[in-house]
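A.B. asks: The lines below spell out each chain.
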Amino acid sequence: MKILVCISKTPDTTSKISFVNNGKEFNSEGIQYIMNPYDEWYALVRAVELKEKNGGSVTVINVGDVSSEIVIRKALAIGADEAIRVDVVPESSLQVAKEIAAHAAGYDLVLTGKETIDYNGAEVGAMLAELLDLPYVSFAFKLEKEGEDWLVSREVEGGTETLKVGGPIVLSAAKGMAEQRIPNMQGIMMAKKKPLNVVASIGAEKGSVVASHEMPPAKSGVKMIAPDDMDTLVKLLHEEAKVI
Amino acid sequence: MSHGNGGQKSVKTDQYSHHDYYKIDDLLSEEHLMARDAVQQWVKSEVSPIIEDYANRAACPTHLFKGLAEIGAFGPSLPTEYGGGGMDEIAYGVIMQELERGDSGIRSMASVQGSLVMYPIYKFGTEEQKRKYLPKLGNGDFIGCFGLTEPDFGSNPSGMATNIVDDGDSYILNGSKMWITNSPLADLAVVWAKDQNGDIRGMVVEKDSKGFSAPEIHGKWSLRASITGELVFEDVRVPKSQVFPEVKGLKGPLSCLSKARYGIAWGAMGAALDCYDSALRYSLERVQFDRPIGGFQLTQKKLAEMITEITKAQLLSWRLGVLANAGKATPAQISMAKRNNVNMALTIAREARQIHGGMGITNEYPVMRHMMNLETVLTYEGTHDIHLLITGMDVTGLNAFK
Numbered sequence: 001m002k003i004l005v006c007i008s009k010t011p012d013t014t015s016k017i018s019f020v021n022n023g024k025e026f027n028s029e030g031i032q033y034i035m036n037p038y039d040e041w042y043a044l045v046r047a048v049e050l051k052e053k054n055g056g057s058v059t060v061i062n063v064g065d066v067s068s069e070i071v072i073r074k075a076l077a078i079g080a081d082e083a084i085r086v087d088v089v090p091e092s093s094l095q096v097a098k099e100i101a102a103h104a105a106g107y108d109l110v111l112t113g114k115e116t117i118d119y120n121g122a123e124v125g126a127m128l129a130e131l132l133d134l135p136y137v138s139f140a141f142k143l144e145k146e147g148e149d150w151l152v153s154r155e156v157e158g159g160t161e162t163l164k165v166g167g168p169i170v171l172s173a174a175k176g177m178a179e180q181r182i183p184n185m186q187g188i189m190m191a192k193k194k195p196l197n198v199v200a201s202i203g204a205e206k207g208s209v210v211a212s213h214e215m216p217p218a219k220s221g222v223k224m225i226a227p228d229d230m231d232t233l234v235k236l237l238h239e240e241a242k243v244i
Numbered sequence: 001m002s003h004g005n006g007g008q009k010s011v012k013t014d015q016y017s018h019h020d021y022y023k024i025d026d027l028l029s030e031e032h033l034m035a036r037d038a039v040q041q042w043v044k045s046e047v048s049p050i051i052e053d054y055a056n057r058a059a060c061p062t063h064l065f066k067g068l069a070e071i072g073a074f075g076p077s078l079p080t081e082y083g084g085g086g087m088d089e090i091a092y093g094v095i096m097q098e099l100e101r102g103d104s105g106i107r108s109m110a111s112v113q114g115s116l117v118m119y120p121i122y123k124f125g126t127e128e129q130k131r132k133y134l135p136k137l138g139n140g141d142f143i144g145c146f147g148l149t150e151p152d153f154g155s156n157p158s159g160m161a162t163n164i165v166d167d168g169d170s171y172i173l174n175g176s177k178m179w180i181t182n183s184p185l186a187d188l189a190v191v192w193a194k195d196q197n198g199d200i201r202g203m204v205v206e207k208d209s210k211g212f213s214a215p216e217i218h219g220k221w222s223l224r225a226s227i228t229g230e231l232v233f234e235d236v237r238v239p240k241s242q243v244f245p246e247v248k249g250l251k252g253p254l255s256c257l258s259k260a261r262y263g264i265a266w267g268a269m270g271a272a273l274d275c276y277d278s279a280l281r282y283s284l285e286r287v288q289f290d291r292p293i294g295g296f297q298l299t300q301k302k303l304a305e306m307i308t309e310i311t312k313a314q315l316l317s318w319r320l321g322v323l324a325n326a327g328k329a330t331p332a333q334i335s336m337a338k339r340n341n342v343n344m345a346l347t348i349a350r351e352a353r354q355i356h357g358g359m360g361i362t363n364e365y366p367v368m369r370h371m372m373n374l375e376t377v378l379t380y381e382g383t384h385d386i387h388l389l390i391t392g393m394d395v396t397g398l399n400a401f402k
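Here the protein sequences line up with chains S and E, keeping their order. With this note's numbering, letter number 13 in the first sequence gets 13, and the count goes up by one each step, no holes. With this note's numbering, letter number 331 in the second sequence gets 331, and the count goes up by one each step, no holes.
None of these hints come from the bench; they were simulated from the model. No residue lacks a Cβ here, since even glycine has one placed at the ideal position from N, Cα and C. Any given hint could be a false lead.
Residues from chain E shown here face chain S by an in silico Cβ test under 7 Å; the list is partial [said to hold, decoys possible]:
1) S17
2) A38
3) W42
4) I71
5) G72
6) G85
7) M87
If you want the footprint, here are the derived chain S segments under chain E, 3+ residues with CB under 8 Å [as the list claims (entries may be wrong)]:
8) 71-79
9) 174-185
Produce the complete structure using the sequences and hints provided.
C.D. replies: This is how it looks when you write it as structure tokens:
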């Protein structure tokens with residue numbers, strides 16, 4: 001079984017977010033990057049688990065410049081066998097999907113995280129399925145192999161749905177698919193020896209460009225009300241917070 | 001003391017992020033950064049949620065031994081064929097730093113297992129001893145401890161009273177050891193004792209040997225999440241096959257201590273970084289006189305001096321790591337780093353405690369726990385004063401110990 005996992009790097013969740021160049025560019029100064037948690041904890045770890053159970057191989061693919069390599073090495077340390085880095089800075093979901101599609105033929109399973117935690121697009125998986133002409137299941141929280149088929153569970157309004165899909169599929173992974181796996185020192189040392197193939201961009205069209213970003217208005221401070229002053233509390237909840 | 005699981009989990013998220021004012025990360029390899037991130041991730045998920053509760057109850061989270069083994073924190077710089085990680089000394093350093101960022105007691109568990117138990121067996125043991133013990137110590141099946149210090153011989157280990165007497169295929173071991181990390185839990189002890197010629201010899205003593213006991217030391221206000229005990233030997237028969245064949249004299253145990261002290265120099269930075277991180281965040285959140293206390297000059301003086309001292313210690317440790325990788329770090333250089341960094345961390349813990357005000361004395365924040373831990377670290381593995389005399393002797397050539 002050959003599995004492809006699409007991974008991207010995102011700012012650490014504790015990062016302070018700001019923009020430069022009139023809101024067109026993300027300010028990466030002082031930002032620590034991590035592997036997008038949905039890609040890592042759910043898609044990648046489940047892929048590694050399936051490989052450990054059924055045999056086969058796990059390849060990770062990333063669209064990004066050389067600064068992505070620490071995240072790619074981490075994926076190899078967690079248990080992927082080899083990696084592909086498409087050497088271009090990602091600027092739109094369509095561009096990323098097209099760049100990945102150029103290398104995604106011949107896999108039995110293609111996994112993405114359900115979304116990245118920075119832009120929250122949740123688009124690449126669906127676009128990739130379309131480009132590869134494969135079935136797509138989004139927001140899956142459970143994935144099992146049953147004979148030649150895949151059993152995939154996903155959340156639907158008020159409950160869950162389990163789908164049976166045959167043949168190669170593209171799937172986006174949500175919380176519950178697997179547990180976080182921390183690379184150990186042995187894995188980190190082995191990762192150095194695994195192949196990381198850098199390939200040139202196919203020059204995929206972006207389709208859209210960022211016009212600007214805007215930050216939400218700064219939060220006002222917490223107002224402290226004395227415990228015996230219920231009238232003021234009720235007044236503020238009614239008139240300012242407008243929750244009652 | 002109680003052990004094992006069943007404690008309360010903190011609901012507070014560990015918000016720590018690494019501080020690197022001089023971009024020293026540029027001097028580290030991808031492997032160093034990955035090791036640091038992995039251990040930091042492990043500490044955040046396994047240590048931070050439980051450590052205040054265990055420290056508060058003076059209980060040892062023994063379930064973490066297996067976790068430490070799984071991430072590869074035991075003997076990371078030993079060769080892989082003997083259960084080590086095959087990494088370099090800087091990787092070992094950053095692992096110790098991140099463990100102590102969680103708690104000095106957790107780092108002590110790993111320091112003892114790796115540097116004081118696995119290292120001497122690897123360095124001085126027979127091939128048979130290595131095969132018998134190292135893989136099981138590396139994967140956490142065995143817990144080890146290290147017996148050098150005695151009730152009457154701390155800074156002066158060469159005066160030790162513990163001794164072995166030749167008795168055919170075995171030696172008969174008598175004496176006692178004090179302040180032994182992990183001893184009440186240990187499956188085996190690396191013990192140093194004098195033979196009939198007065199030479200210090202090392203040996204591996206197994207837990208179930210007749211006449212061997214390891215009572216726990218109670219009432220510590222420091223390293224409360226780490227278990228400490230004695231080793232008592234009453235006519236313990238130690239087969240000669242358990243003795244390290246070649247090494248004689250104090251250089252045996254001292255070479256282990258150099259390894260461990262090197263790790264402590266890095267570890268102390270972890271405690272300092274955690275205190276600084278907590279103080280910095282608190283100073284920006286805590287408002288007095290209508291503005292964050294981080295805006296006041298006296299708070300800024302504390303924070304600025306903290307990050308300055310941390311940065312100096314980071315450079316010192318990095319350079320020591322480069323020397324250690326080349327096999328050129330001298331014991332005296334290691335002493336300087338251990339002494340400087342632990343003292344730096346303790347000073348920062350005290351200053352950070354002041355920034356936190358009354359909250360700083362509670363277990364809502366990690367600083368008081370780090371401060372109490374560091375009081376031990378200041379004098380174990382060579383006291384603050386003895387390390388000063390080692391530097392003094394190194395630069396003058398004159399021995400001021402006696």
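A.B. asks: Name the hints, by number, that the structure is in violation of.
C.D. replies: No numbers; nothing is violated.
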